[in-house]
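*Asks:* Listed below are the residues making up each chain.
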Amino acid sequence: MSPYRDPELDDVLQDDELMRIAELLHSARLPEPPLDDAFRSALRRQLMQKAWGPSERGVPWWRKAFAPPALAWASATVGVVLIASLVVFMSTQPPSGTLEIEIQSPVADSSSVKLSQPILVAFNQAMDHPSTEAAVQITPATKVGFSWRANTLAVQPTSGNLAPNTQYQVTIGPGAKTASGQLLAEPKTITFVTQPTKPATQPTPSPTASPNTLPGGLVRLAPIPQGVFYTPQWSADSSTLYFVGAVGALQSVPAKGGDVKVLVPDSVSLPAISPAGDRIAYVRGGKLVILTFADNTTTELTVTSAPTAVAWVKDQLLVGTRDGVYSETPDGPVKLATLEGPNEATAVISIAPDGAHAAFASAMSLFILDVATGKTHNLGGVGAGTTFQGWAPDGSRVLYNGVIADLEGHTVATLPGGDPSWSAQNEILLGSDTELTEVRPDGSGLIKLADGTYHNPIWAPNSTSFAFLRGQALWASSAPAPQPLPSAVDAASARVTAFMEARLRNDSVGASAFLDADGKAAYGEGGPALIPDKDAGFKRFYILTAQPDASAPNTVRVVVRLVFGHGKNEKALVEETLTLRRQLSIDPFLIHGARAGKERELGKGAEVVAIDVQASTVKITFDSDLTPDTVAGGVVLTDSKGKQVGDTPTYANRTVTITGLQLTPGDTYRLQVLTSVQDVHGKGVASEYNLDLIGPGASNASGNHRDDGATPSPMPAPGTPSPAPQD
Amino acid sequence: MSDLQREDERRLVERAKRDPREFGVLYDRHFQQIYRFVYSRVREQTAAEDVTSEIFMKALRAMPRYQDTGRPFAAWLYQIAVNAIADRYRTLKPSQPLEDFHDLSVAGPPLDEVAAQRDEMRRIWTLVEALPSQQRTALVLKFQEDMKIEDIAVAMGKTSGAVKLLIHRGVSRLREESDVLRPAE
Numbered sequence: 001m002s003p004y005r006d007p008e009l010d011d012v013l014q015d016d017e018l019m020r021i022a023e024l025l026h027s028a029r030l031p032e033p034p035l036d037d038a039f040r041s042a043l044r045r046q047l048m049q050k051a052w053g054p055s056e057r058g059v060p061w062w063r064k065a066f067a068p069p070a071l072a073w074a075s076a077t078v079g080v081v082l083i084a085s086l087v088v089f090m091s092t093q094p095p096s097g098t099l100e101i102e103i104q105s106p107v108a109d110s111s112s113v114k115l116s117q118p119i120l121v122a123f124n125q126a127m128d129h130p131s132t133e134a135a136v137q138i139t140p141a142t143k144v145g146f147s148w149r150a151n152t153l154a155v156q157p158t159s160g161n162l163a164p165n166t167q168y169q170v171t172i173g174p175g176a177k178t179a180s181g182q183l184l185a186e187p188k189t190i191t192f193v194t195q196p197t198k199p200a201t202q203p204t205p206s207p208t209a210s211p212n213t214l215p216g217g218l219v220r221l222a223p224i225p226q227g228v229f230y231t232p233q234w235s236a237d238s239s240t241l242y243f244v245g246a247v248g249a250l251q252s253v254p255a256k257g258g259d260v261k262v263l264v265p266d267s268v269s270l271p272a273i274s275p276a277g278d279r280i281a282y283v284r285g286g287k288l289v290i291l292t293f294a295d296n297t298t299t300e301l302t303v304t305s306a307p308t309a310v311a312w313v314k315d316q317l318l319v320g321t322r323d324g325v326y327s328e329t330p331d332g333p334v335k336l337a338t339l340e341g342p343n344e345a346t347a348v349i350s351i352a353p354d355g356a357h358a359a360f361a362s363a364m365s366l367f368i369l370d371v372a373t374g375k376t377h378n379l380g381g382v383g384a385g386t387t388f389q390g391w392a393p394d395g396s397r398v399l400y401n402g403v404i405a406d407l408e409g410h411t412v413a414t415l416p417g418g419d420p421s422w423s424a425q426n427e428i429l430l431g432s433d434t435e436l437t438e439v440r441p442d443g444s445g446l447i448k449l450a451d452g453t454y455h456n457p458i459w460a461p462n463s464t465s466f467a468f469l470r471g472q473a474l475w476a477s478s479a480p481a482p483q484p485l486p487s488a489v490d491a492a493s494a495r496v497t498a499f500m501e502a503r504l505r506n507d508s509v510g511a512s513a514f515l516d517a518d519g520k521a522a523y524g525e526g527g528p529a530l531i532p533d534k535d536a537g538f539k540r541f542y543i544l545t546a547q548p549d550a551s552a553p554n555t556v557r558v559v560v561r562l563v564f565g566h567g568k569n570e571k572a573l574v575e576e577t578l579t580l581r582r583q584l585s586i587d588p589f590l591i592h593g594a595r596a597g598k599e600r601e602l603g604k605g606a607e608v609v610a611i612d613v614q615a616s617t618v619k620i621t622f623d624s625d626l627t628p629d630t631v632a633g634g635v636v637l638t639d640s641k642g643k644q645v646g647d648t649p650t651y652a653n654r655t656v657t658i659t660g661l662q663l664t665p666g667d668t669y670r671l672q673v674l675t676s677v678q679d680v681h682g683k684g685v686a687s688e689y690n691l692d693l694i695g696p697g698a699s700n701a702s703g704n705h706r707d708d709g710a711t712p713s714p715m716p717a718p719g720t721p722s723p724a725p726q727d
Numbered sequence: 001m002s003d004l005q006r007e008d009e010r011r012l013v014e015r016a017k018r019d020p021r022e023f024g025v026l027y028d029r030h031f032q033q034i035y036r037f038v039y040s041r042v043r044e045q046t047a048a049e050d051v052t053s054e055i056f057m058k059a060l061r062a063m064p065r066y067q068d069t070g071r072p073f074a075a076w077l078y079q080i081a082v083n084a085i086a087d088r089y090r091t092l093k094p095s096q097p098l099e100d101f102h103d104l105s106v107a108g109p110p111l112d113e114v115a116a117q118r119d120e121m122r123r124i125w126t127l128v129e130a131l132p133s134q135q136r137t138a139l140v141l142k143f144q145e146d147m148k149i150e151d152i153a154v155a156m157g158k159t160s161g162a163v164k165l166l167i168h169r170g171v172s173r174l175r176e177e178s179d180v181l182r183p184a185e
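So the protein sequences, as listed, match chains A and B. Per the numbering used here: the first sequence = residues 1 to 727. Per the numbering used here: the second sequence = residues 1 to 185.
These are calculated hints, taken from the structure and not from any lab test. Careful, some of the hints might be misleading.
Unchecked claim - Simulated pairs of lysine-lysine, PhoX-like, Cα-Cα distance not exceeding 20 Å:
(1) A:LYS143 <-> A:LYS683
(2) B:LYS148 <-> A:LYS50
(3) A:LYS50 <-> B:LYS17
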């Protein structure tokens, strides 16, 4: 240990033992604590927003004031007051020579500046307007107008808005001078980046602690004694719950609350209500019984062995046992599929709502059985058999161990923690000891619905009510209306955004999670780098265009741009064309293909920054104001045979529009921007730009999600344990 | 801090007093040390973030009233921090084991002594945790943040003599635990 001596403490630590302890204290240095850089940046932003003026709920004054239809000067007024107060304050200070010119802007160094606002430039003293305006330079080439309020200059593009996805550099050159004639000592550049035309699709938010958002509150329905398996069945009209209570009694209760009615006094298990809601099947004493509600009669059915799972598929009653799946017919049970290699632990746990598959446990593992072919697939290893969690309402997916898998056992998505229940509207409730959340099957739209205990929730057929366990009681509640489903393009764009964010933070593992096998190969040798070289200075990305591929179901093509640079300056971009696919519309998209274009140098002429493709119109937005005469003949759309399509392009407000199109869905078209296109300063496009576009078809938001007419049956009871022998 | 650094800081502070938008530079300079100090006291990231936010927000609001007393600007921030932590400390209990936090790697001694020394260091900061709050703060500012007594006095709102007394009492209290601290023979 190095000797420690602090003269300040000489009179305090006067003996060797105290000094030794001081040495110890000084030597055990604290390492840097865990620090979230996002917090550090966010706090700085928050401080700067405060510094720029009073705000409410964290919204900067200039943002609120510029919200449509407020005029620019309405917000500038606040800035003027701020600047004026600074000037008044400083004017009351003792004179100390010439005041240095200070320049600030609320958009300086911002990365998602709204398009519909002027660029405010605030000076700390009165400026000479003509010389200051003349000293303003802006890149990309943009025609602007000026207006003043006190010492704040508003620079407003004459086209109305700023260009999307664009880094702007506004420089106040040394020609600017104060009202008293003092020249700006050195140029001052304000740099910022604008947001996309359409706000970026938000990635799945983290669930936030919010007040209970369940409409209608909670209704306590009936006691459920500890140790009783919770096996509720909703009536077809979602008005009644059937459940097994104390001593195995089959009971019913109105979903809105009321008297509990005992239908069968004891020993009931595996209740299953028919899709029409007129009958309920159950097992009692090892026998399969159907209770018909209309006349309160029961019918005992023949079974070959003790049922371990019971399900209705339309009007057909299916039964799972230790050796297979049977259909109950008037002539007795008919075996549909056989479980291979049964042993003591083998048994069907659940039959899918469409009857096409069954889940079974064997040797502590979970398997899925194709009822038609008898083929089986392993879902999980040892112990997984106890965590079967249900089916998609159409039987196309299976839930187990917190994952959604396809019917061959491949994991499609991972769910947050909690007991899941999948609604007919494709919303998954997740209940736990502490909260209730909701998420779509593709992992998007995660929201917290309520705090509190929500064990084993189960949706009603109407997808608006659900039941759950809390304490030793059965409860019901209503859920909020489902969130609107994003279109395929939005869903794919959200995935690309999350993928690119992972790349931006050099998270190769996180980025790889968005790739399927072909996607991984595409980013392998010879393809674009998954994590761009550090020296390249990957600064940001934006989606140029995203289109459903009408030639292939559940396929979206996204063109994303990676912007590179060092310091504040952006120097180049590389365009990647990504193909995203999903098997079903309820699945998350995965990146299936990727192709990178040539690097394009920035600041060398007008650049395309957004493209909107419709069947009859294509709009191409540039970052610069263009010389209109150069647009016709300079922006060309051709079909796959190279023939130009559409009317002569028109130009307004930085956007070239090609009309008169009849783009064929799924066909490929090529957009060309030739070097003859010039910005308002007469600078041509640095190099020809080509982009292949797809003729748009109808949105495939619903894709080819299977709908084979199978009546959704109530979900198997979550938490249903592996069946116990019922000999 | 050299005279040049001191002058540079004075200029930055004066600019921030005149124009709160200049506060960002001071934030950038002092965030890390203030966050580190706060974390050393609350030892929970979320709580440390909350307290650090509160400190810099208070500092920004109070900038126009800041008086240069000749002490480093950081001493003033520490003063706000000490008060903010005192306000919060009653409800924030340290949750992270000291063993996880203190870097016990120290260059110098032969390898066969390292284990014993590390164990001793682990124990000493465990003992510091048991000291009264003000003694604890004084020891952290002195031995971890390497602050001058006068600056600690500003931060803690006490006289230099009072700070020395706190350090003396703290170290003496640790000496009373010398059996615990002394390396195993």
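*Asks:* Does each hint hold? Answer for all of them.
*Replies:* Do the hints match the structure? See the list:
1. A:LYS143 <-> A:LYS683: Holds - the C-alpha atoms of LYS683 of chain A and LYS143 of chain A are around 14 Å apart, at most 20 Å.
2. B:LYS148 <-> A:LYS50: violated (32 Å)
3. A:LYS50 <-> B:LYS17: OK: LYS50 of chain A and LYS17 of chain B at ~14 Å, within 20 Å.
In this structure, only the earlier hint numbered 2 is contradicted, and the remaining ones agree with it.
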